[in-house]
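Trainee: So the chains spell out like this:
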Amino acid sequence: MPLFEHLGSYIITMKGMFARPENEKMYWKEFMHQCVEIGIGSLPIVLIISMFLGMVMTVQTAYQLVANFIPLSTIAVVVRDSMLLELSPTVICVVLAGVVGSKIASELGNMRISEQIDALEIMGINTKTYLILPKVLASLIVVPMLITLSIVISLWGGRFVGEAAGIINSTIFDEGLLRDFNPFNVTVAMVKAVTFALLISSISAYFGYNVKGGALEIGRSSTLAVVVSCILILLADYVITLILLNP
Amino acid sequence: MIKLQNIKKSFGERTVLHDISAEFLPGKCNLIIGTSGSGKTVLMKLLVGLFTPDSGQILYHGDDMVQMSREERKELRQQIGMLFQGSALFDSMTVEQNVMFPLDMFTKDSYATKLKRVNEVLDRVNLKDTNKKYPAEISGGMKKRVGIARAIVLNPQYLFCDEPNSGLDPQTSMVIDKLIKDLTVEFNTTTIINTHDMNSVMEIGDNILYMYQGYKQWTGTKEDIIFSTDEKLNSFIFASEFLQDAKNMRMLEMTGKYPGQTPPTNA
Ligand SMILES: Nc1ncnc2c1ncn2[C@@H]1O[C@H](COP(=O)(O)OP(=O)(O)OP(=O)(O)O)[C@@H](O)[C@H]1O
Ligand SMILES: [Mg+2]
Chain A
1 MPLFEHLGSY IITMKGMFAR PENEKMYWKE FMHQCVEIGI GSLPIVLIIS
51 MFLGMVMTVQ TAYQLVANFI PLSTIAVVVR DSMLLELSPT VICVVLAGVV
101 GSKIASELGN MRISEQIDAL EIMGINTKTY LILPKVLASL IVVPMLITLS
151 IVISLWGGRF VGEAAGIINS TIFDEGLLRD FNPFNVTVAM VKAVTFALLI
201 SSISAYFGYN VKGGALEIGR SSTLAVVVSC ILILLADYVI TLILLNP
Chain B
1 MIKLQNIKKS FGERTVLHDI SAEFLPGKCN LIIGTSGSGK TVLMKLLVGL
51 FTPDSGQILY HGDDMVQMSR EERKELRQQI GMLFQGSALF DSMTVEQNVM
101 FPLDMFTKDS YATKLKRVNE VLDRVNLKDT NKKYPAEISG GMKKRVGIAR
151 AIVLNPQYLF CDEPNSGLDP QTSMVIDKLI KDLTVEFNTT TIINTHDMNS
201 VMEIGDNILY MYQGYKQWTG TKEDIIFSTD EKLNSFIFAS EFLQDAKNMR
251 MLEMTGKYPG QTPPTNA
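Protein chains in written order, with our numbering: chain A, 1 to 247; chain B, 1 to 267.
Worth flagging that the hints you see were computed from the coordinates, not collected in a lab. Note that the structure is a prediction, hence the values are computed from the model and not measured. In this text, a Cβ means the ideal position worked out from N, Cα and C, and glycines have one as well. There may be inaccurate statements among the hints.
[As the list claims (entries may be wrong)] From the derived model, a few chain B residues whose C-beta atoms are all more than 12 Å from chain A:
| no. | residue |
| --- | --- |
| 1 | T35 |
| 2 | E75 |
| 3 | Q78 |
| 4 | S92 |
| 5 | G220 |
| 6 | T229 |
[What the hints assert, rightly or not] To give a feel for the contact side, a few chain A residues facing chain B, derived at Cβ under 10 Å:
| no. | residue |
| --- | --- |
| 7 | K25 |
| 8 | S114 |
| 9 | E115 |
| 10 | D118 |
| 11 | L120 |
| 12 | I122 |
| 13 | D237 |
| 14 | T241 |
| 15 | L242 |
| 16 | I243 |
Start from the sequences and build out the full structure, keeping to the hints where you can.
Mentor: Right under this line is the structure:
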């Protein structure tokens, strides 16, 4: 399908999402269920990746800052700001595009192929609202939480490895973490997290919801969902950085 | 009552339904019969609004479904129950949750009331001890019956069944037919059934529409079918010698005469 056709049908799918729920309680239940699925489901991988990112960043920064006149605590400053501004939001969201995105796309794709979506539609349920909206809202809430956690864990990992490898004493690391701290960087991280969460959930829901054909198409469309989400995350990353951090 | 007027539907170049007009009556089992690929499922999906016709009208009590707003259509759909050809059960839910789902969504009843209703309908489709099983853990025929249970749990005014007894043994098949028939009479439901099961046709066919390659070929009742001279219908319905004999016997019963000549067999 040509790009503009996809864009048009994406917008139509997203617009269809906004309708009055038939039963608030059921929608709330579905929303909570999605929060758990997305949050708890991707917790282990987020923790593992964040810890290693922080560890690698500390060692690498120490390697790059070899001059004597630079205070050691600068390592912590660099690690903190890199994790906050770019590594945590972007790397973790690219991973989430794979974990959460493919799950959303294949779940909806399977429901489409086996006519479960049609069955809901026949009951008089607005399937775009019932199936897509809770996933998008849950992502918007849960992904920023995951990113926050990721930042904390990565800094902890960096602090730990700095001490363990004899690179930087943890008191000095802590001192660096607080030096020249700009709260605006947290805002940048959250803007990225929310934007990427919206991209991942809506794009994979779009590809899953609109699957046509057989079971083979489910796999194909979830791969496509991940690829498209990743590309758009990086594009959005660039745009956000340009807007928010352009000196 | 549902009325179809000059319905046409094509997919790309291929016309699947040519100018279909028909009437489906309340309190009756309205059957759509025809060979595989004749367009029965497409017609049923048009009736419930999952497809839109290229032209023509679908009138529910005189209101055209095609022209309805989203809200009106949603309201109408709460009067509709449908069994899909592939059952379409929610595979993340147990049998009980599947059947309870419409109740959860559209009623404010207590859990106990809902559970009672669920067990009632599961009982009607002869399913016991499957409440806690997932769709992947039950047989195809059981899925069909869960699908029927889910379709009737809200006592719909319109009931659509796409091949309710394909994949069922003859005995269960009869039970299902009887169940559908009873519900239809009891609640004056407008019931529409796609089938190619000859038993069903002869047992519950109050109003039969025979489709042939996307055309309406013949309409009538199960009694009319015995006397029909339509060659295509005859070779479709009474495809085997056994069935032809059965037809002749039935004719003998009804008229006291054995037909002089067996119908042509060009199946
Ligand atoms: N979504 C679709 N897109 C394109 N063609 C379709 C679609 N659905 C059905 N068709 C075509 O319409 C024709 C009628 O199909 P339909 O499913 O209505 O047959 P059927 O009478 O229900 O057959 P069966 O008894 O095997 O279920 C078939 O030739 C099929 O290829
Ligand atoms: Mg069919």
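Trainee: Decide, hint by hint, whether the structure agrees.
Mentor: How the hints compare with the structure:
Once the 12 Å rule is applied to beta carbons, T35/B is consistent with being away from chain A; the minimum gap is 22 Å. Not every Cβ of chain A is farther than 12 Å from the Cβ of E75/B; the closest lies at roughly 7 Å, contradicting the non-interface assignment. A cut-off of 12 Å between C-beta atoms contradicts the statement that Q78/B is not in contact with chain A; the least separation is 4 Å. Listed as outside the interface, S92/B is inconsistent with that label: its C-beta sits roughly 8 Å from the nearest C-beta of chain A, within the 12 Å cut-off.
Its beta-carbon lying about 29 Å from the closest one in chain A, G220/B satisfies the requirement of being farther than 12 Å from that chain. With 12 Å as the threshold on Cβ separation, the claim that T229/B sits away from chain A holds: the shortest Cβ distance comes to roughly 38 Å. Below 10 Å, beta-carbon pairs count as interface contacts, and K25/A has one with chain B at about 8 Å; its hint therefore holds. The interface hint given for S114/A is met, as the beta carbon of that residue sits about 6 Å from the closest beta carbon of chain B, less than 10 Å.
Checking E115/A against chain B by beta carbon gives a least distance of about 4 Å; that is within 10 Å, so the hint holds. This hint holds: D118/A has a C-beta 5 Å from the nearest C-beta of chain B, less than the 10 Å allowed. Because the smallest distance between the Cβ of L120/A and any Cβ of chain B comes to about 8 Å, under 10 Å, the interface hint for this residue holds. Hint on I122/A holds. Least Cβ distance to chain B is approximately 5 Å, under the 10 Å limit.
Restraint check, D237/A versus chain B: the minimum CB separation of about 34 Å is more than 10 Å; hint violated. At a threshold of 10 Å, the smallest CB-CB gap from T241/A to chain B is about 39 Å, leaving the interface hint violated. Because the smallest distance between the Cβ of L242/A and any Cβ of chain B comes to about 40 Å, over 10 Å, the interface hint for this residue is violated. Restraint check, I243/A versus chain B: the minimum CB separation of about 37 Å is more than 10 Å; hint violated.
Checked against the numbered hints given earlier, the structure breaks hints 2, 3, 4, 13, 14, 15 and 16 and satisfies all the rest.
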